[in-house]
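One line per chain: the protein sequences are A, B, C, D, E and F, in this order. Number 118 in the working numbering belongs to position 118 of the first sequence; there are no gaps in the numbering. Number 242 in the working numbering belongs to position 242 of the second sequence; there are no gaps in the numbering. Number 145 in the working numbering belongs to position 145 of the third sequence; there are no gaps in the numbering. Number 25 in the working numbering belongs to position 25 of the fourth sequence; there are no gaps in the numbering. Number 231 in the working numbering belongs to position 231 of the fifth sequence; there are no gaps in the numbering. Number 21 in the working numbering belongs to position 21 of the sixth sequence; there are no gaps in the numbering.
Hints were generated in silico from the structure; no laboratory data involved. Where hints are given, some of them may not hold.
Quick list of in silico lysine to aspartate or glutamate cross-link-like pairs, EDC-like style, CA-CA up to 20 Å [as the list claims (entries may be wrong)]: (1) D:Lys-337 to B:Asp-224; (2) B:Lys-29 to E:Asp-26; (3) A:Lys-29 to B:Glu-17; (4) D:Lys-67 to E:Asp-26; (5) A:Lys-337 to B:Asp-26; (6) E:Lys-71 to F:Glu-127; (7) F:Lys-228 to F:Asp-268; (8) D:Lys-67 to C:Asp-26; (9) D:Lys-71 to B:Glu-150; (10) E:Lys-67 to F:Glu-127; (11) A:Lys-29 to B:Asp-26; (12) E:Lys-229 to E:Asp-265; (13) A:Lys-29 to C:Glu-17; (14) E:Lys-29 to B:Asp-26.
Protein chains: 6
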Amino acid sequence: MNKVVTFGEILLRLSTERHLRFSQADSYKATYGGGEFNVAVSLANYGVAAEFITRLPNNELGNSALKEMRKLGVDCHNVVFGGERLGLYFLETGSGTRASNVIYDRADSSMATITPGTIDWREALKETTWFHWSGITPALSQSAADACFEAIKVAHEMGITISTDLNYRSKLWNYGKEPKDVMPEMLQYSNIILGDIDTAYFMLGMDKVNPDYSNEASLPTLYDELFKKCPKLNTAVTTLRYSISASHQRIGGILYDGEKVYNADVQDVTPVVDRVGSGDAFMGGLIYGLLQTPVNKQRALNFAVAACCLKHTIAGDYNLITIEEIEKLLAGDFSGKVSR
Amino acid sequence: MNKVVTFGEILLRLSTERHLRFSQADSYKATYGGGEFNVAVSLANYGVAAEFITRLPNNELGNSALKEMRKLGVDCHNVVFGGERLGLYFLETGSGTRASNVIYDRADSSMATITPGTIDWREALKETTWFHWSGITPALSQSAADACFEAIKVAHEMGITISTDLNYRSKLWNYGKEPKDVMPEMLQYSNIILGDIDTAYFMLGMDKVNPDYSNEASLPTLYDELFKKCPKLNTAVTTLRYSISASHQRIGGILYDGEKVYNADVQDVTPVVDRVGSGDAFMGGLIYGLLQTPVNKQRALNFAVAACCLKHTIAGDYNLITIEEIEKLLAGDFSGKVSR
Amino acid sequence: MNKVVTFGEILLRLSTERHLRFSQADSYKATYGGGEFNVAVSLANYGVAAEFITRLPNNELGNSALKEMRKLGVDCHNVVFGGERLGLYFLETGSGTRASNVIYDRADSSMATITPGTIDWREALKETTWFHWSGITPALSQSAADACFEAIKVAHEMGITISTDLNYRSKLWNYGKEPKDVMPEMLQYSNIILGDIDTAYFMLGMDKVNPDYSNEASLPTLYDELFKKCPKLNTAVTTLRYSISASHQRIGGILYDGEKVYNADVQDVTPVVDRVGSGDAFMGGLIYGLLQTPVNKQRALNFAVAACCLKHTIAGDYNLITIEEIEKLLAGDFSGKVSR
Amino acid sequence: MNKVVTFGEILLRLSTERHLRFSQADSYKATYGGGEFNVAVSLANYGVAAEFITRLPNNELGNSALKEMRKLGVDCHNVVFGGERLGLYFLETGSGTRASNVIYDRADSSMATITPGTIDWREALKETTWFHWSGITPALSQSAADACFEAIKVAHEMGITISTDLNYRSKLWNYGKEPKDVMPEMLQYSNIILGDIDTAYFMLGMDKVNPDYSNEASLPTLYDELFKKCPKLNTAVTTLRYSISASHQRIGGILYDGEKVYNADVQDVTPVVDRVGSGDAFMGGLIYGLLQTPVNKQRALNFAVAACCLKHTIAGDYNLITIEEIEKLLAGDFSGKVSR
Amino acid sequence: MNKVVTFGEILLRLSTERHLRFSQADSYKATYGGGEFNVAVSLANYGVAAEFITRLPNNELGNSALKEMRKLGVDCHNVVFGGERLGLYFLETGSGTRASNVIYDRADSSMATITPGTIDWREALKETTWFHWSGITPALSQSAADACFEAIKVAHEMGITISTDLNYRSKLWNYGKEPKDVMPEMLQYSNIILGDIDTAYFMLGMDKVNPDYSNEASLPTLYDELFKKCPKLNTAVTTLRYSISASHQRIGGILYDGEKVYNADVQDVTPVVDRVGSGDAFMGGLIYGLLQTPVNKQRALNFAVAACCLKHTIAGDYNLITIEEIEKLLAGDFSGKVSR
Amino acid sequence: MNKVVTFGEILLRLSTERHLRFSQADSYKATYGGGEFNVAVSLANYGVAAEFITRLPNNELGNSALKEMRKLGVDCHNVVFGGERLGLYFLETGSGTRASNVIYDRADSSMATITPGTIDWREALKETTWFHWSGITPALSQSAADACFEAIKVAHEMGITISTDLNYRSKLWNYGKEPKDVMPEMLQYSNIILGDIDTAYFMLGMDKVNPDYSNEASLPTLYDELFKKCPKLNTAVTTLRYSISASHQRIGGILYDGEKVYNADVQDVTPVVDRVGSGDAFMGGLIYGLLQTPVNKQRALNFAVAACCLKHTIAGDYNLITIEEIEKLLAGDFSGKVSR
């Protein structure tokens, strides 16, 4: 039996309704989300034992976040309480040529002020087979980066598979470090990395590259450099996202296992209900796919792409899609016919 | 003066808002709908005298359904009260590649437990020129099927035109009978049938066919078999629906009168506000068209297709579209320009 | 420093939600809008000193309209109170092939009953560099037309640039005059006119024309006739709008300065959140463009087109778009990527 | 079988939600109401055949008002279409010591511009046993007063019982006439009048009085003067309303039949959900009571008071209360226990 | 460590908003509730290990109910899936003298069709110290009564404390049995019973009594008869509820342990936000009180009354009140001061 | 002409709707508020020139706060932009015996990180006659306390009247200082202080007292000690607030001018729509009263009490009450009658 643990921050998400601008809003929809938590939700939704570890403030907002985790079937028994505030983000959902806007308000959150030693990782990761983290946690603060690195090292020692979503957020990384100061060390232990090739190069402090994903033959050379930098890496994956507009995306994916490039067909996604969390839906689908069909990497990749596409039809950060719905898409049925 | 009576079930429809999934909903929009009622609403909306006959529970949900009928200008003086509950359906409206979902909760409703003898059909159908029923009522229960058949026979004896929408619903038909056990007998009396050719064959217990609607010349042979099975049939109509996604439909139609195939141009419908009831909008438009321009079948068919297309832009089950709006579409104006 | 004054009516806008038809609405969203006010909002939004002059009833609806002006940063210190009621309009927002509907309820409003002499224009227009009016005000009533003409003449005497949006509304002009009885005199003083060529000919009482905007070479001849009729005219602009449906527009623009035709590329706008006010967004962008880059007319026109396109993504009458967002579009980025 | 016809105006009511002030509202709840229509709704609700006659504009707001009438079971087959606009009123619902505010916007409505001769009263009042009008209609305009007087005279000639609610509205009566110029003539034909004694004196142009309702013995003298002025009057009724605050009312009633004063116990009503229409609920209850138990005037009065009290618990103008609920109150059960 | 298991039905609750009547509702708030589940929620909220056992349909409504249980921290690992539908109830919340109305729509629900043998009670009740059931389950159907009796007998054999809330619902008990046919046998094993004395006599088939709770000395004789009929009974408790109106309740309580009558002061509760579930809040508080301070029965009773009072301030079925808030009330602080 | 400047923080207020608990909320109403800003709104509302000075983050939340100030007619031209975030507070509105809860999330807000020297006070306070600050600003941080003290000293030097609301908030004061370390120095310059006597003693580091406000004669001695400690003080005012429950308050007030105690009658306030900001409404009413009728202190006090009472009927932090409405209350009319 597989058990996946993800570690990161859960945020209260306050989003305007009906595409209203911030200045028009007189109410906010309140949901929750966060890259690593969203991955755990995807997995729980597919029936995989999934646990999320974070640090929450001991107030009613923290308690409400905990209730949300429980509701979604994500194990939260290692969540710790402490710190002063729950991280927030405000979201204005765009439309057409108008982009969505995010205002982060997560500085000094309970998770940003977590320190190494807060979690007993050896105990927490017992019976865990997969550990997932993303580039958001080291972007929060030095202590959060340290706490994450602590977890990574324990997971590695315990022989647990480690996956990482690079998740570069330019509005974070405000504490005096750049990704290249922190990430190379942490990525040493990653077995699976999800991210654009240029982002990976940037985070690893390598020279800037400009990959041409349409030229499949050109990719192994580029990915191979990552494999060299990250000795435990066995799978590098990139989500292909062509933004026609905020309401129309085209989604594909590439997976490279050191030997072969796998390519998933690009799908049209229109209209977009909510694109936040679609990358996490890809990651969740990818982990599920690799757990279910480890030898069939094409299928794992296709599953991730289909999960990502379907996420765009769901309001909120989570991918509340069933395996059956993904299978229907994989089987070529895009009709959206009413089931009745 | 024409008067159309439709007979069937009206349901309380509880739908999630803003494309939310069932598990995200903390409220439901409450409207009403039901295939045969929706047809009556279309007709009332076009100025045709329309009556709906059903059985409602004697509680505030039943009374509210009655108020809805009155509001919409549908005559309801023959509605009877009895039974224990109003039928319900829960609707989750999909988007893009995610399909809409319907959860029926209509077992043992007041309409499902109706029995023959409940309505004095000879009295009720006085001054009626057209009687419409659909394949949903016989799918509910044996007694509902019997009650419907009773009505059909009286209507036939009284020389009333009878139309039928086959409306196959796989989630119904749970009482031990299959369509082929019930429908052939009932369809004996139908003058107009709306449905896919393969559905008609299936319901009539005929061999499975796979019609190619793009090959117009191939269709008369297939339709002719229906005319043979249904001796009173003079018009068979099929809605062509190509689902690009839940948000994008392409709608056309075919009418065959035993002599000639009429074909209406396929129209793009995007985005889709609500596709539930669009088949009933087609049926309502068809009846109106056949009443207004019985000799101009092409126009009747075009009217039905345009009504169906416009229905997709209306929230709820009903086609609250005016004749003027349909005429504008028929005249080729798809611009959706603001009238001011 | 530029200061722009616009003069006209602000209306309470009562719109149905979620594309509901009027007969389905049990609530209305309440915002404000009006052609000339919307232009002032655009300009205030771009950082231009903008003032709106109108007449409001002395009740809580009038006061609320005033609060709205202040909120949006539009100077309102010359607004006068008087008359009996605030003008209203009811809006049903269409979708796809179903058009939006407007029910005006603005007869005998405080603005419609304004009379010449109400505003001390010489005082009000001190320090003003640009005065904007539209064809809506003379359509309201004889006294509103007279009051507007009074303003125009003062503005002209004071050497202020005058712009006009022709804004023909067939549901107005009910007081016994036609545009050709009123507009030619008023347009004598306009330096910039925004409108379709055929509308301009119609309002000026000239023979009907059928301009072919795709044939650029054919346009100077047509525009030149306007320059002859309007001796102060130096810039004639036309918004090109191709309505694929209520949810899909294609927007371009043409500017003619008596010497040269400038043409802005046609942009796809889909989906449409709200198209009301998009013409005013064009006008606001045009004034801004002509103020900022008077010698670069191509850029001014492109700015107007981009502003108009982006307006379609905003709920309500106003164009709450930043210069940065317009610049991004002008630079060719239509991706709508989340900023985070 | 009794049939009651009421004649007056139906308004679109736009009310702020959750006790918001007008300046805080960004949406309005849209319902309908109007004194005489509200009376018809009460009666229909009690199972009495009730008809409402008015004049509506031929637009979607007028049609929606008609749908509302049908929904509520009020006969509307004599409603006429014409004129330019539906009357509106804006409502801000107070709380505690803060009063509710009404902004009327009904000038020049379709009903205000009705003229005598619009309705064929002799035809319309066939089979009618009771005709009800109120002091609002003559307050609208001279022509509305004339049209109402026309109806009164026909009703009188046809031997129909006539009831009148004095309904003085200080914000109306703007067309140059005062109540005492119009009402005395019209009240000549009233058999039942509902109103405060001082209001009646005022409207009839009599000297100001200051009745002391707690001194029952003092009332006959005062009422008798009304009987002298109104020769057909047989029943004068006064609603006693003690406003503790906007959220707490105390309601009683007095009925005088020329011989005896009947007094209904004062009831506490707290909290108040919506007090608009509570006077009409009293009137509706009174008519019902007088129809059902004409000889038991105490019971008719008690029924009216109980109906009025219960109305305060219902949102909107109408008294959607069942006879059973009123009977429970009359039987002394104020417990509000959940029925389950 | 205590662990409490409750067994019963969870319903989807569809309630009108803002005190609207059913016929006014165009949407329903969707929450969940059910007597025995509400008790489990109270206990989980107080930090007691609480589990709820029921049967749910295997559809998205059943899954959503399961998510609700998890969210609220109620253990649900013994919930079984089966049957056809989730039980529903529609709620119209009254105000003042207008009572709330409940329309049950729970016939043939998954819980009503549960049969003995569905749950392995010996396994399910391992480590359980307290089992709670109520009179609602045997009211649903014969098979539900049988399944409940099965659980009771196993719990008794395992030496588990058994509590029962009599919860008489006149709208249930439709399957041919009366309480006195079923309940006496089941109540044999109850150690704690919550209910009115007359309800207990009625359910046990004893002669009708009319207890005077204000006469404390008269109660032991009446309670003693219950102790005779129910040999395991050690504590009988009655909630005193005086309904001034739907918006104003007065709540007290009486506890009798076979030796002494304990009496809790009556508290005013006004206004009432939602009284549904307040009896379950009493039961939850009572179990908590008896678990925490078994020897201090006065305090246990006071805790139950305070919990019941505070429940009335919470929307929905559950008592989302903290121990600290109850303690504040017990300490005499009713001020409701803002904590900041 | 008077001009009042207030200085402090404006917060985004996120409040649950319909008395929901935080854990039930899936949306938050978004308004703004803050003690000193609320005072400015009151004054602007009464027609007094009012300005608010604060520091806002340069993002869309900061801009939206600025729009709110403008909308409400509060001068904001000295507001500065800087810092990282807008202060927030989450509000759960209680009912009856359940108290409201506030979760402050304002640490490190733009206002909390303001430093002396940010505002050019000598320039900003030109033409100002009254400066108001409260005990909240020094509770935020050392630098905010310093910035406030800087303003106080300049105001004092410029001969401006200074008023202070003590506004003790136990959840603030987290930066290592207690009120008694900071406030005595700052209060040296206050001419008017609003606060409970015991709070004043506590903040000034004096011995604890337990004033008996019902014993008027005992108060001068207590207030006199404050006058000794605060040499510029000429008026000390205390709001009397008796909390019957969260839904029922009783409000009075006491004013002492060094010579005489003025006492305003205690008023019942029930129900309470929103009590947040009612103290600021008192303060705003007091300043207005002292400005309008400086010699009639009784009237000034009565005005403050009436303003405070009426504030409880308004949703949100602000007192959107007109002078006319307050005058009506002062004249003894509590009836809340509909104005129509």
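Here is what the structure says about each hint:
1. Restraint check: the Cα-Cα separation between D:Lys-337 and B:Asp-224 comes to about 65 Å, which exceeds 20 Å; the hinted pair is violated.
2. Restraint check for B:Lys-29 and E:Asp-26: the C-alpha separation of about 6 Å stays at or below 20 Å, so the hint holds.
3. Taking the CA atoms of A:Lys-29 and B:Glu-17, the gap is near 13 Å; set against the 20 Å cutoff, the hint holds.
4. Between the alpha carbons of D:Lys-67 and E:Asp-26 the distance comes to roughly 15 Å, so the proposed pair stays at or under 20 Å and holds.
5. Proximity of A:Lys-337 to B:Asp-26 is assessed by CA-CA distance (about 25 Å); at most 20 Å being required, the pair is judged violated.
6. Under the criterion of a C-alpha separation no larger than 20 Å, the hint pairing E:Lys-71 with F:Glu-127 is inconsistent with the structure, at around 58 Å.
7. Distance check on the hinted pair: F:Lys-228 and F:Asp-268 sit about 34 Å apart at the alpha-carbon level, beyond 20 Å; violated.
8. The straight-line distance between the Cα atoms of D:Lys-67 and C:Asp-26 is roughly 13 Å, inside the 20 Å bound, and the hint therefore holds.
9. Restraint check: the Cα-Cα separation between D:Lys-71 and B:Glu-150 comes to about 30 Å, which exceeds 20 Å; the hinted pair is violated.
10. For the hint linking E:Lys-67 to F:Glu-127, the alpha-carbon distance of about 61 Å lies beyond 20 Å, and the restraint is violated.
11. For a cut-off of 20 Å, the pair hint linking A:Lys-29 to B:Asp-26 stands: about 12 Å separates their Cα positions.
12. A threshold of 20 Å between alpha carbons decides the hint, and for E:Lys-229 with E:Asp-265 the separation of about 29 Å lies outside it, so the pair is violated.
13. The hinted pair formed by A:Lys-29 and C:Glu-17 meets the criterion: a straight-line CA distance of about 17 Å does not exceed 20 Å.
14. With a CA separation close to 6 Å, the supplied pair E:Lys-29 and B:Asp-26 stays within the 20 Å bound.
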